[in-house]
Amino acid sequence: DARVTQTPRHKVTEMGQEVTMRCQPILGHNTVFWYRQTMMQGLELLAYFRNRAPLDDSGMPKDRFSAEMPDATLATLKIQPSEPRDSAVYFCASGRYGTGDTEAFFGQGTRLTVV
Amino acid sequence: DQQVKQNSPSLSVQEGRISILNCDYTNSMFDYFLWYKKYPAEGPTFLISISSIKDKNEDGRFTVFLNKSAKHLSLHIVPSQPGDSAVYFCAASGSQGGSEKLVFGKGTKLTVNP
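These protein sequence lines map, in sequence, to chains A and B.
The first sequence begins at 1091 in this note's numbering and counts up by one.
The second sequence begins at 1028 in this note's numbering and counts up by one.
For the record, the hints were derived by calculation from the structure and aren't laboratory data.
Each residue gets a CB set at the ideal place from its N, CA and C atoms; glycine is no exception.
A hint or two may mislead.
Distance condition first, Cα-Cα at most 27 Å in a straight line; then the derived DSS-like pairs of lysine-lysine [as the list claims (entries may be wrong)]:
1) A:Lys1168 - B:Lys1133
2) B:Lys1133 - A:Lys1101
3) B:Lys1083 - B:Lys1136
4) B:Lys1081 - B:Lys1133
5) B:Lys1098 - B:Lys1133
6) A:Lys1152 - B:Lys1133
7) B:Lys1136 - A:Lys1101
8) B:Lys1133 - B:Lys1032
9) B:Lys1095 - B:Lys1128
10) B:Lys1032 - B:Lys1095
11) B:Lys1032 - B:Lys1128
12) A:Lys1168 - B:Lys1128
13) B:Lys1098 - B:Lys1128
14) B:Lys1083 - B:Lys1032
15) B:Lys1083 - B:Lys1095
16) A:Lys1152 - B:Lys1098
17) B:Lys1083 - B:Lys1133
18) B:Lys1128 - B:Lys1081
So the derived list for chain B, only partly shown, Cβ under 8 Å to chain A, looks like this [stated by the list, open to error]:
19) Phe1073
20) Ala1097
21) Ser1101
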């Protein structure tokens, strides 16, 4: 049963600490998205990659957030330094775009709390 | 500036009745629309989609209607079941699903009462 795997599921950290969230996309998917869910903003797109190359990270605060795909099986989202306003659920999703497939598959999310 | 809007934060219906969830969009470049369902502590799961070349797509109890001139789409669930209780997100993208950058609304929480 193919699925997007995110780790950790929950993270509590102190303000100023570095946070790294990891995502294993579904094998064979060529597009990976990072979304953030908050009560106020709903699901916001932070960044996405196609064939491991960043296509758009305009939704991401550049000064503290960074997203990478070291290889096809791993995507990372890093926050340094973290702030309380970063508290949210972060979702990774993957899809096989350009082949006629139409939807993105989401992981279960990482719930981040910055205190 | 929200490009995809779900103006009803919540909706409550009786089991067996119809649920109608609404979504409006502002960007005329959107040409593919999707609905996702989300249970607590889980990621959103794809439910149904529609291309802008159609005005209706049906899958079992779920039907999505698209009115391009009004920039409006709706999801109908008939009959509604208690297991349908979840948050429903409307999403839009800029090319026939082959593109990326799904833009989501803020969601509508549906409660189906037994």
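Verification of the hints:
no.	hint	result
1	A:Lys1168 - B:Lys1133	holds (24 Å)
2	B:Lys1133 - A:Lys1101	holds (24 Å)
3	B:Lys1083 - B:Lys1136	holds (23 Å)
4	B:Lys1081 - B:Lys1133	holds (24 Å)
5	B:Lys1098 - B:Lys1133	holds (17 Å)
6	A:Lys1152 - B:Lys1133	holds (24 Å)
7	B:Lys1136 - A:Lys1101	holds (26 Å)
8	B:Lys1133 - B:Lys1032	holds (7 Å)
9	B:Lys1095 - B:Lys1128	holds (20 Å)
10	B:Lys1032 - B:Lys1095	holds (15 Å)
11	B:Lys1032 - B:Lys1128	holds (16 Å)
12	A:Lys1168 - B:Lys1128	holds (20 Å)
13	B:Lys1098 - B:Lys1128	holds (19 Å)
14	B:Lys1083 - B:Lys1032	holds (20 Å)
15	B:Lys1083 - B:Lys1095	holds (11 Å)
16	A:Lys1152 - B:Lys1098	violated (33 Å)
17	B:Lys1083 - B:Lys1133	holds (23 Å)
18	B:Lys1128 - B:Lys1081	holds (21 Å)
19	Phe1073	holds (4 Å)
20	Ala1097	violated (22 Å)
21	Ser1101	violated (18 Å)
The earlier numbered hints that this structure contradicts are 16, 20 and 21.
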